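Assemble the complex: chain A is given as a structure, and chain B must be docked to it using the hints.
In case you want the letters, here they are:
Protein chains: 2
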Amino acid sequence: MTAQSFADRLSHARALTEACLDGLLGPEPLAGECERPETLLSAMRHGVLNGGKRFRPFLVLESTRLFAGPEDAALRVAAALECIHCYSLVHDDLPAMDDDDLRRGRPTVHKAYDEASAILAGDSLLTLAFDIIADDATELDAKARLMLISALSRAAGIGGMAGGQALDLQAEKIAPNEAGIVTLQAMKTGALIRFAAEAGAIISGASDDNRARLSQFGTVVGLAFQLADDLLDLTADAATMGKATGKDVGRGKGTLVSLHGPQWAEARLGQLVAEAEALLSPFGDKAEILVEAALFVATREN
Amino acid sequence: MTAQSFADRLSHARALTEACLDGLLGPEPLAGECERPETLLSAMRHGVLNGGKRFRPFLVLESTRLFAGPEDAALRVAAALECIHCYSLVHDDLPAMDDDDLRRGRPTVHKAYDEASAILAGDSLLTLAFDIIADDATELDAKARLMLISALSRAAGIGGMAGGQALDLQAEKIAPNEAGIVTLQAMKTGALIRFAAEAGAIISGASDDNRARLSQFGTVVGLAFQLADDLLDLTADAATMGKATGKDVGRGKGTLVSLHGPQWAEARLGQLVAEAEALLSPFGDKAEILVEAALFVATREN
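Chains A and B supply the protein sequences, listed in that same order.
Here the first sequence is numbered in this note's numbering, starting from 1 and rising by one per residue.
Here the second sequence is numbered in this note's numbering, starting from 1 and rising by one per residue.
Hints are not guaranteed to be accurate.
Which copy? The list can't say, so a pair holds if one copy fits it or any two copies do.
[Said to hold, decoys possible] Listed next, the in silico DMTMM-like pairs over lysine to aspartate or glutamate satisfying Cα-Cα at most 25 Å (straight line):
#1 K143 / D208
#2 K253 / E35
#3 K173 / D114
#4 K253 / E33
#5 K143 / E71
#6 K111 / E172
#7 K253 / D136
#8 K173 / E35
#9 K253 / E38
#10 K111 / E275
#11 K143 / D72
#12 K111 / D99
#13 K173 / E38
#14 K53 / E178
#15 K253 / D114
Honestly, the hints are just simulated from the structure, not real lab data.
None of the values given here were measured: they were computed from a predicted structure.
Extracted from the complex, chain A is given alone in its bound form:
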């Protein structure tokens, strides 16, 4: 697998995901819905169709392909996951949370609309995510859909992403120790990435062992993702990132990079990529693109 073909596949996943999201966020109400208010729908679209890399959807699609699972179902699960990722960005950007005006170089939802619309757009995206998976259009047996809903809600809720964001806000007041930072990051960033990798195994009806293996792979990729993010916050400029940088330091927020330094972080990233590769070695060449994904995450520049 060359770097070129990895980039092609990422870009292919991105195009598929965006077309799927565009369709799911159409103006026509579904059965059981009254109507879809125009401004709210537009705010949701602003929050989702925003030029993201679609890394999580890519992981869902590729982890499904590893087990030769159904691509159409994987795409809907990928879109649902992206709705949750994007809702979290919309809410995290609010003045009461991280108070960001820019996201990927564009005004955040509460800047482009207003705070109430941003809160409701986030709520509606989160709600929609579960409908997308539950719907019969996600052609998986009913038990698999329930397993996905359960795993996704736990990755996203108090015991996952939302809980991690709560810990992150607390960390601005009382600096956590290293174990606290690890937990916070595993929840805030790690949980959804872990779910993305695990989802392919669930979608494909893989064995429990393989599901656990993919889940571990996702955990390692999540660690690498966050470490690279903390490095970038220290070194990149706002123009490259399309959002404010240097904020961790500005807020006195501890990260593993601030504790151990950038050299340690670079070395640790190398270890994590090796761990990811080792976890997927039983799958041989079929897993090459997922190993590339771990490398991509560890070495990304924005």
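Below, chain B without anything else, positioned relative to chain A:
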């Protein structure tokens, strides 16, 4: 059915629901969760275990009993629905939305904690709701659980409650006409009450006809609920309601009561109760408590 025994049943449903919610909002993480941060959990509990009437859970339990469906499963669905109702109150009370300091005579979540915690507590309650239904502990066949998740997400999302709240905020700027008010209310308040009535039919595996009949019953009860609410906003005082009243008028917000007057509203409430009774007449005496529920909603004083 005497008024006394109706009150007993409502109070019984309330006790069951609160015990169930208390258990679901415990400190122990579920499989797939990391940990449950204490402050966030406490904010969620503040938003949910708040002395509500639990009318929606009552409807779920009683509509299930109408078809002799499984009570344990109904209780979990009732608790999930209450999580969604309560999340919506937590978010609606935020400064960027209705900006309320009091809810049932107690400080709202963002007053007792802070805005960020209130946003995250709402998000986490919404997320938890879907996990509660998806979990195998909700002992229903997988397809029924998916139908419930789908129906609930559509009742709660952009095409239902959240969309209705968006229309309600717009209505403060541009007064809607009568049709607009009806749509707004059907979405903001009606959708969850309709779901509550319909849920019993899904939980019990009732026929499509009976599901549609219960859904219509829920729609009528929702209309009565909102109309009674608008009347109370005009006539009750804040002490009785445990929250600010007279707000609709203060904000120039049109309601059917402000359009047609309180006498019309009283007459319309009588019609709605009769419609509810007619819809349930095929079920005979078994539906008596649900008819009482419609009357209760239409004549409540807080």
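Hints, one by one, checked against the model:
Taking the shortest alpha-carbon separations for K143 and D208, both the intra-copy value of 14 Å and the inter-copy value of 23 Å come in at or below 25 Å. Proximity of K253 and E35 under a CA criterion of 25 Å is satisfied inter-copy only: 21 Å between copies versus 43 Å inside one chain copy. Proximity of K173 to D114 under the C-alpha cut-off of 25 Å is restricted to the inter-copy arrangement: shortest distance 13 Å between copies versus 27 Å within a copy. Only between protomers do K253 and E33 lie at most 25 Å apart by alpha-carbon distance; the minimum there is 24 Å, versus 43 Å within a single protomer.
Both within a single protomer and between protomers do K143 and E71 lie at most 25 Å apart by alpha-carbon distance, with minima of 18 Å and 22 Å respectively. Both within a single protomer and between protomers do K111 and E172 lie at most 25 Å apart by alpha-carbon distance, with minima of 24 Å and 20 Å respectively. With identical chains, the CA atoms of K253 and D136 are never at most 25 Å apart, being 44 Å at best within one copy and 40 Å at best between copies. Taking the shortest alpha-carbon separations for K173 and E35, only the inter-copy value of 20 Å comes in at or below 25 Å, while the best intra-copy value is 43 Å.
In this assembly of identical chains, the alpha carbons of K253 and E38 lie at most 25 Å apart only when taken from different copies (20 Å versus 39 Å within one copy). Taking the closest pair of Cα atoms, K111 and E275 never come within 25 Å of each other, the shortest separation being 41 Å inside a single copy and 46 Å across copies. In the homo-oligomer, the alpha carbons of K143 and D72 lie at most 25 Å apart both inside one protomer (17 Å) and across protomers (20 Å), since each shortest distance falls under that limit. Taking CA atoms no more than 25 Å apart as the test, K111 paired with D99 passes in both settings, with 10 Å inside one copy and 19 Å between copies.
Proximity of K173 to E38 under the C-alpha cut-off of 25 Å is restricted to the inter-copy arrangement: shortest distance 15 Å between copies versus 39 Å within a copy. When the C-alpha separation of K53 and E178 is checked against a cutoff of 25 Å, the pair qualifies neither within a copy, at 29 Å, nor between copies, at 44 Å. Proximity of K253 and D114 under a CA criterion of 25 Å is satisfied inter-copy only: 20 Å between copies versus 28 Å inside one chain copy.
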